[in-house]
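Put together the whole structure using the sequences plus the hints.
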Amino acid sequence: MSVIVRDDGFHAEDFAGTAVEIASDIKSDELVQLASGADMVRILFPSFSDGRGFTLARRLRDAGYAGRLRAVGPVIADQYAMARRSGFDEVEIPDDLAARQPEEQWKFRADWRAHDYRARMKG
Amino acid sequence: MARKFTPKVLTANDLRLGDVVYMTASGDWTRCHAEAELLEDEADAELRLLKAHGQSGIVVGAYLADAKAGPDGPEPVHFREAFRSRGPSNYDLGKQADSKRGTAHV
Amino acid sequence: MYEYSDFDEAFVRARAAQFRQQVERRLDGSLTEEEFRPLRLMNGLYLQLHAYMLRIAIPYGTLSAGQMRQLAMIAERWDEGYGHFTTRQNIQFNWPKLVDVPDIIDALADVQMHAIQTSGNTIRNTTTDVFAGAAADEIADPRPIAELIREWSTDHAEFQFLPRKFKIAITGTEADRAVIRAHDIGLQLVEKDGEIGLKVLVGGGLGRTPMLGQVIRDFLPVADLLPYLEAVISTYNLMGRRDNKYKARIKITVFENGLDAFKAAVEEEFARIRPTFSGVDQEILRVIAAQFAPPAFKNDPVDSYEAALSVDPVFRRWVARNITAHKVENHAIVTISLKEHGKTPGDATADQMRVMADLADRYGYGELRISHEQNVVLPHVAKADLPAVHAELLRAGLATANVGLLSDMICCPGMDYCALATARSIPVAENLATHFRDIGLEDEIGNLKIKISGCINACGHHHIGHIGILGLDRAGVENYQITLGGDAGPQAAIGDKTGPGFAYDEVVPAIERILRAYLALRESPAETFIDAFRRLGAAPFKEALYGENRDAA
Ligand code: HEM
Ligand code: SF4
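Protein chains in written order, with the numbering used here: chain A, 893 to 1015; chain B, -13 to 92; chain C, 614 to 1166.
There could be a bad hint or two in this list.
[Unchecked claim] Quick list of simulated restraints, FRET-style, between CB atoms:
no., chain 1, residue 1, chain 2, residue 2, range
1, A, A1002, C, S618, 20 to 26 Å
2, A, D921, C, R1148, 50 to 56 Å
3, A, V912, C, D873, 29 to 35 Å
4, B, E26, C, Y859, 31 to 37 Å
5, A, D988, C, A627, 25 to 31 Å
[What the hints assert, rightly or not] Straight-line C-alpha distance at most 27 Å; calculated DSSO-like pairs for lysine-lysine:
no., chain 1, residue 1, chain 2, residue 2
6, C, K860, C, K778
7, C, K778, C, K911
8, C, K780, C, K860
9, C, K911, C, K780
10, A, K919, C, K858
11, A, K919, C, K860
12, C, K812, C, K860
13, B, K81, C, K710
14, C, K710, B, K37
15, C, K778, C, K710
16, B, K37, B, K(-10)
17, A, K1014, C, K860
18, C, K1110, C, K858
19, C, K956, A, K1014
20, C, K876, C, K812
21, A, K1014, C, K780
22, B, K(-10), B, K81
23, B, K54, B, K37
24, C, K940, C, K805
25, C, K876, A, K1014
26, A, K919, C, K956
27, A, K1014, A, K999
28, A, K919, C, K876
29, C, K1155, C, K1110
30, C, K812, C, K778
31, B, K81, B, K54
32, B, K81, C, K956
33, C, K876, C, K805
34, C, K860, C, K1110
35, B, K37, B, K81
36, C, K780, C, K858
[As the list claims (entries may be wrong)] Reference listing, derived: stretches of chain B covered by chain C, where coverage requires no fewer than 3 residues with Cβ under 8 Å from a Cβ of chain C:
no., stretch
37, -8 to 3
38, 6 to 20
39, 53 to 62
40, 73 to 79
Hints are computed from structural coordinates only; laboratory data are not their basis. By construction, the Cβ of each residue, glycine as well, lies at the ideal position given by its N, Cα and C atoms.
What follows is the structure, encoded as structure tokens:
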């Protein structure tokens, strides 16, 4: 089982449709095509130290994908702001991680819009 | 082919202070190499290592390091472990200085 | 000098608070060591041989007197009274306790400093020419762009978990005192038709597989810089190898895919990203640049300086070695050597830091620099003040007149501190410096760059030393491999291994054999070691190294 994390904290799964799942080693020319028209795209993080998902999310958003975008895997609370800034709407984490890193630790970074140098540079 | 097991001490760094520590026969941690337990049985050593991995709230980076018996207790074999048990060679700091200050056994 | 904006201030304070919370969560068990490790590394905290080590960023090597004093305070209060300046223009403290680090980070924030991104698989401190803004030969001061890169790369959401560390260097001159060819990305300010732009190199790096960067763009408009960097680094983020950390640097990505394929992927990504940048970064750059305006230089006459030169041989020698021409005629650039013979290269005590800070305040417009050669620089000093500066440096043991000579080595911490080391490097440096001083050959040998690393990671730049020394572990014994012919400047080159390595106590005699061969073979004293090596090749030096021992070996 897993927990969905959003700015306001933990949630149970509430998506019922079909999601497109994208592995982090996807070929870059297939990414946009695969995602197009999907209600939700789930980008899989094989480990918290593998940051490819952040680039994939940003690329999808730059390419105009406007649907729901979820980071899935053992992402840690300290990466929540990175996920949101890269274009993810939410993060799906395994239960044991949610137990060890309770809701407050994630909500601590719900201020992900603050202090964002890159956003300031991009305008 | 299985390599012959050579005696080891179990060593790590103290989580809070960073200082080098060794596991004693009673399962406590000491800052002094000579007070470490010399592990001569491979299975026993592996068990000790597992125990140390379970103590991640106290120590970090536990591993088994080659050691040999000496007159005052186990002594390091490799020069890296000799440095860890002593301190840097460019200043009188680390354990070599602590032992002069009489704090080696804290 | 750059002063934090409110934005910087708020960010650094927020990060300090986050790190305090992360340390607490590590101690209460919410974070495992595996999870905490990248977080502490993102804040410059390593675990070394004897203790933790905190690496503090000195952005583009520029430091105010007040910041230097705060480093002295930290050294005394939470460390062992000294600090180590590194070839990455950072400072490292070798003895902090984990429980004190949040307080140290707060003390840094008090003077607009931090340790963010000095480690980890992210974009590191951007380094630059130590003489930036003072040198006579630069096209433009590279520091405003370095500051722009600092701000853009700090906490960049997409680039905190790259395949491997990522280092950018920028220079404003053809002379390249920033070793741009040995960086993941090297930038050089260039001029074309009256416009200033950037030459971009990619894929340089030292370590296990040393490579020099290749040009990926001859002329990039400054306005395109940030989107172009994003294109390069996001391409690398997806293409870089994650299966083997020794093959994870961008140099391998470029090498394995070929520059053309890599460049094509970058340009495609650049076309996507460029339109998302509105151009406000260029306005921010203008605001930044204004802060790097040079100080109002004094107009003091140089008579007293010239008088001192003619009567004081110690001063004369120091001026000849440690002074570089300034772009303003009656000023000079002062290099304070942290290479006293027999001492640890790059180390300064808290007292010495305060002396240097005071000198900067009194004679140097409040500004200091850290050089990648591990010295401290006062970039702007009126020549009239040089005798006074020299006198005070003498009193503090900081007047060693050896810049550019054999004893002015780059040396990594090696086995005395570093958990990754395979051999010591500091005592090798100490022994070399004292030996050549004692036999009186240092001046005779003249300009020479020796660089020493304690393992293959090459933090001491050994590959690009005229003479490189690499410490290895051969079956539990320290052994040192020598390379010759490397160079860090515009003629950058990776040195070649000479042959079998040398035991710890054979290193000094081995280097002496090489240098005696050089003295015998050079055309004139004006021909430096590296020039002689380029003319003669490695053969005569190898002969000097191994010839007499060949039967025994
Ligand atoms: C003491 C703790 C240190 C550790 C654990 C450490 C670790 C490393 C590692 C693992 C590499 C190889 C990276 C690679 O090839 O992928 C490396 C490279 C490097 N480090 Fe260090 N280092 C340390 C200290 C220093 C110091 C003190 C300096 C400056 C004097 C420094 C500057 C560099 C430089 C210039 C390189 C090579 C350039 C490159 O990245 O290609 N490091 N370091
Ligand atoms: S070269 Fe090796 S020994 Fe030296 S600092 Fe780097 S990692 Fe440590």
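- Message: If you test the structure against every hint from before, which numbers come out violated?
- Response: 7, 9, 17, 19, 22, 26, 38 and 39
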